[in-house]
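So the protein lines, in turn, are chains A, B, C and D.
Each residue of the first sequence is one higher than the one before, starting from 0 at the first, in numbering that gives the first Met the number 0.
Each residue of the second sequence is one higher than the one before, starting from 0 at the first, in numbering that gives the first Met the number 0.
Each residue of the third sequence is one higher than the one before, starting from 0 at the first, in numbering that gives the first Met the number 0.
Each residue of the fourth sequence is one higher than the one before, starting from 0 at the first, in numbering that gives the first Met the number 0.
Hint data in this document are derived by calculation from the structure and do not stem from the laboratory.
All the pointers check out, no bait thrown in.
Given that identical chains are not distinguished, each listed pair holds provided it fits within a single copy or across any two copies.
Here are the simulated DMTMM-like pairs of lysine to aspartate or glutamate, each with C-alpha atoms no more than 25 Å apart in a straight line:
1) Lys188 - Glu43
2) Lys188 - Glu276
3) Lys163 - Glu330
4) Lys111 - Asp299
5) Lys2 - Asp86
Protein chains: 4
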Amino acid sequence: MPKVGILGATGYTAYELIRILLRNPEVEIVAATTRQDGNPPIHEIHPSLYGRLDLACENLTAEEVGQRCDYVFCALPHVASMTAIPDLLAAGTKVVDLSADYRLNDPAVYEKWYGHVHTDPTRLGDTVYGLPELYRDRIPGKDLVANPGCYTSTSILALAPLVKQSLIEPTGILIDAKSGVSGAGRSPKLGTLFSECNESLSAYGVGTHRHQPEIEQVLTDVGEEAVQVTFTPHLIPMDRGILCTIYPQLKESTSQEALLDLYREFYADCPFVRIVEHLPRTKDVAQTNYIDITVRFNRDQLIVLAALDNLIKGASGVAVQNFNLLAGFDETTALLV
Amino acid sequence: MPKVGILGATGYTAYELIRILLRNPEVEIVAATTRQDGNPPIHEIHPSLYGRLDLACENLTAEEVGQRCDYVFCALPHVASMTAIPDLLAAGTKVVDLSADYRLNDPAVYEKWYGHVHTDPTRLGDTVYGLPELYRDRIPGKDLVANPGCYTSTSILALAPLVKQSLIEPTGILIDAKSGVSGAGRSPKLGTLFSECNESLSAYGVGTHRHQPEIEQVLTDVGEEAVQVTFTPHLIPMDRGILCTIYPQLKESTSQEALLDLYREFYADCPFVRIVEHLPRTKDVAQTNYIDITVRFNRDQLIVLAALDNLIKGASGVAVQNFNLLAGFDETTALLV
Amino acid sequence: MPKVGILGATGYTAYELIRILLRNPEVEIVAATTRQDGNPPIHEIHPSLYGRLDLACENLTAEEVGQRCDYVFCALPHVASMTAIPDLLAAGTKVVDLSADYRLNDPAVYEKWYGHVHTDPTRLGDTVYGLPELYRDRIPGKDLVANPGCYTSTSILALAPLVKQSLIEPTGILIDAKSGVSGAGRSPKLGTLFSECNESLSAYGVGTHRHQPEIEQVLTDVGEEAVQVTFTPHLIPMDRGILCTIYPQLKESTSQEALLDLYREFYADCPFVRIVEHLPRTKDVAQTNYIDITVRFNRDQLIVLAALDNLIKGASGVAVQNFNLLAGFDETTALLV
Amino acid sequence: MPKVGILGATGYTAYELIRILLRNPEVEIVAATTRQDGNPPIHEIHPSLYGRLDLACENLTAEEVGQRCDYVFCALPHVASMTAIPDLLAAGTKVVDLSADYRLNDPAVYEKWYGHVHTDPTRLGDTVYGLPELYRDRIPGKDLVANPGCYTSTSILALAPLVKQSLIEPTGILIDAKSGVSGAGRSPKLGTLFSECNESLSAYGVGTHRHQPEIEQVLTDVGEEAVQVTFTPHLIPMDRGILCTIYPQLKESTSQEALLDLYREFYADCPFVRIVEHLPRTKDVAQTNYIDITVRFNRDQLIVLAALDNLIKGASGVAVQNFNLLAGFDETTALLV
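Work the whole structure out from these sequences, hints included.
Right under this line is the structure:
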């Protein structure tokens, strides 16, 4: 029975990880870390786990976690992640990293967008990007999986079939993205207070959001030509959910039905991608590992719409998909509820 | 002291009209209509007016309302509006129509998008479009003002300076629009139930929303060349507010500062248009008649962002602006709170 | 493998039933009814079930459903339920009724509170009240289980240990109850529109809510003396969740710790009752079948607080608990996620 | 024209104060303080004030503010307030203090509930409690007004007519109180993050909330016998609004209509108290200075329900009522919108 640990157990993605892993009776959660002292039981930090998991949150080093676990989910912020992961790997554990530290291949791009010199650059290009729908075959056997960002999963899965088939112009792709507030994390900040977000709506990070280079890197890899997107995120007064409304320019005219068929074929082997005819709602994928995708036309303008739960398919659900592939479980284990 | 009436007093826009008009001590509200029987006091329909307005809602004909009032706000649904308005005008009253019935100039376009033959087509092209920021000089002296749609005001005001100066391509303008739920009205429908909307987010009316031809008609008038937009509305889990994120294609490169200056100059005489440097939030314009607009670049892609309160600047606030111009009040009367 | 059907499949409780039952691979859902024509697939009514359940919603009679199924969940409104259930039972199926029709023992009380003559009165007193924490032993072998109301489960479970031990005065018990909007169902009504509920809070049904006699009947049964409560429900701007804040009068003084011990012992065999030290939050039980209960003192005044998810533990979760007991599954099957 | 300042201008109550004061053309706002450096314009802190108020937020001492202003609203936290106010008063300004520092008469009670020794105890019992509905005559001419707490205003106004007439038992009064999140202030804290509050509901501060002694002190003063209440606050997932559901024990039986008449008479001269027949909703008083109160019976149990906007009638609106009385304006100036 694999022993599993979570580095950085106080946030929302850590909580969702635990909730999902508890559904797999063949997994044992043996470590959860926090910088708080006093070894608080996990239910003091996540009260909904009361009576469900008997585990203390400990202030452990990466090395200690690595020695105790076969697999570790690293839910630390960026920078903290690339500090801990070499120690985890040295201890012989396998790692799914939910931070951004190993997603970008080029340390210069990392430095430009994250404002930090990458301290583990040799591992960068070598790490698999953990989007099983695109890279399933490369994941088993790896030591380190870079779990994708929430906006990036949504955008990439919505565009990959078009980019792969070279049906759209590789530049000038407009992604108007909307996310619930949980995507901003659990650290108290003015901008994520209830009274700031509720009954409010705004764009943020226009032109500066770090998921833009990640989307471009992966879609460039998929399409084998340089992809450029304009990514505009918005904060929506809801807890969870992402909807991306995407406006690509088709090279040649086609039909909604032909495109839906293309998508269905592209994702035929992907149990968590649903190509739907109706307009996706975040509510329909909330608390699930599904992403719902459809396409529409307004005159000749193609519009691709995709929705997922940012904490599940956008973070902890796909992390468990990756873990399942690493640990030899069926890809859907604990993820179909 | 002008006597004012409201045709269709049970909805949200009627409530906001009353709330605003009560701030003008030189206006007397003398009629409010409903199809309900029993002449319920207005506070049974809008409890927040308890003790503020002593008025019964009556099941009056348009003719009766016209005889009692100098000015009438018509807050009926489309089709009902164009049935009532000829009678109101025949009775000698002046009308601000909040429905869509007199916004489009071409009865064929009306029929195509609204699915009804227009029954008052001769008045169509002759009616002033009640967006004071563009047509202020044409409003005084008119008998009938077609109050703009909420999405359309936002989109038009966000684009007019660029279109007027011919700085952007007239076609291929993408408008990704987001609205709170009150825009859908107060009639009970499955789609606007709390438990359907809350914690949910989706696009709707993709390619079919009736504000698209209205935006195109007005911007074509502003720019004197045919404008085409792709308008994609989304329903946001909040009560009130609209944010439009707009992606036009610039003909020549320019800077954010140059564009902000252009906007400031264009709207120099408009007390309710605020050209801001920060990203607009709907919360900052809620309960006000302001529209906040800014521009941003992501690489070379221009992005225009605009926010207003759909029930105030998007409906009842601009209706009172129009009324003020018709009745000889200062344009801002009762609207700066 | 038991064949299961759902009478009245369009509401929220029906959706939750399906979602829970899909987790039990040894159950087959073979019928779902609607009054809509055209046999719409279930995912047209509940889009989140897309790809998860291949079933049409049919306009079937109770008799037809009864012939097709071994077990039926009746999710019809009251009155409709007592019309259908005799036919279901005559067809030899076992029924969990989620309506109120078989909860009250006395047809006169039913008529007083529901305003209808009960048409199946002989079955009333004979039906088991489906609260497994109190009546687990009586459920197996029954043909008909009356599933409890959401407020009533919360209130009864919060008070049963005190009433059973006769620690509190049987009258003058104040229950200040708060519920999310989904408890009001999925039929469009003015009062449950997003724009009415959001950013609003009010009491409703003061002195007239139908769960009051149900709470009193069951607690009277538990305590063997006549219990009277003052039940005051409030509508909270959230989708799901109930919190009851209860003020009983203790007969003799005691301590918080002694009472928590009493509760822990009383519910020792109940996997879904969690006696917690912290103040319960609805968020911590959302999407689960748990009820969290604690007690507090303010000077000498005892306060009991209890929270559950009104659609799960308050409706469909306990319905599946009851089904599990009827069908011979472990009580927790499909309910621990 | 009186010169007005705000000490502690970054919070929600300060923002509401400014919004209200801007409606009075005979008031000049000349100072707003912050501990932030750089003298940010007020619209950087409250973007909705963009273009409405040309004022920098300065890091001023209380003395400097006192010298510049005739009237100061002190919107600092407790402790900070009692440090600043002696300097303000020494400079000859009049002060409305929105903190709790001068509400309680007894420094020992203050120390017990707030955990700080009061540093200005001689002024305590001498300060007027700024609830104009009870103490209107004592306010004009005062130097310092202690503005009431939000829960306390609601509770006191709901109970004062009963206590004054000695119609209810003075002890055992249960106040089940519910508040929106803005009542918790604008400082980032885990418990007020959107993702913690949204879709959640819980009690907090049971037995320990500081408004309990304040309610008891004022009602004891009103009734001239010692009043004791059990005050239980709850956090509601909405921005603004308080509803108190209050369960007193009547000494003699009476009727709903007799009580409503008593309330109407008691508050006959109070323009912001509305005695209504329907159940109060926070939405109906949002953005206003009204408090809506009604009474109901459930069998013989009296229930008093009262709703107000915690930021307006519960804080900044009543503060301006007090200011109006101090400065010689009509009590309703700027408050009826």
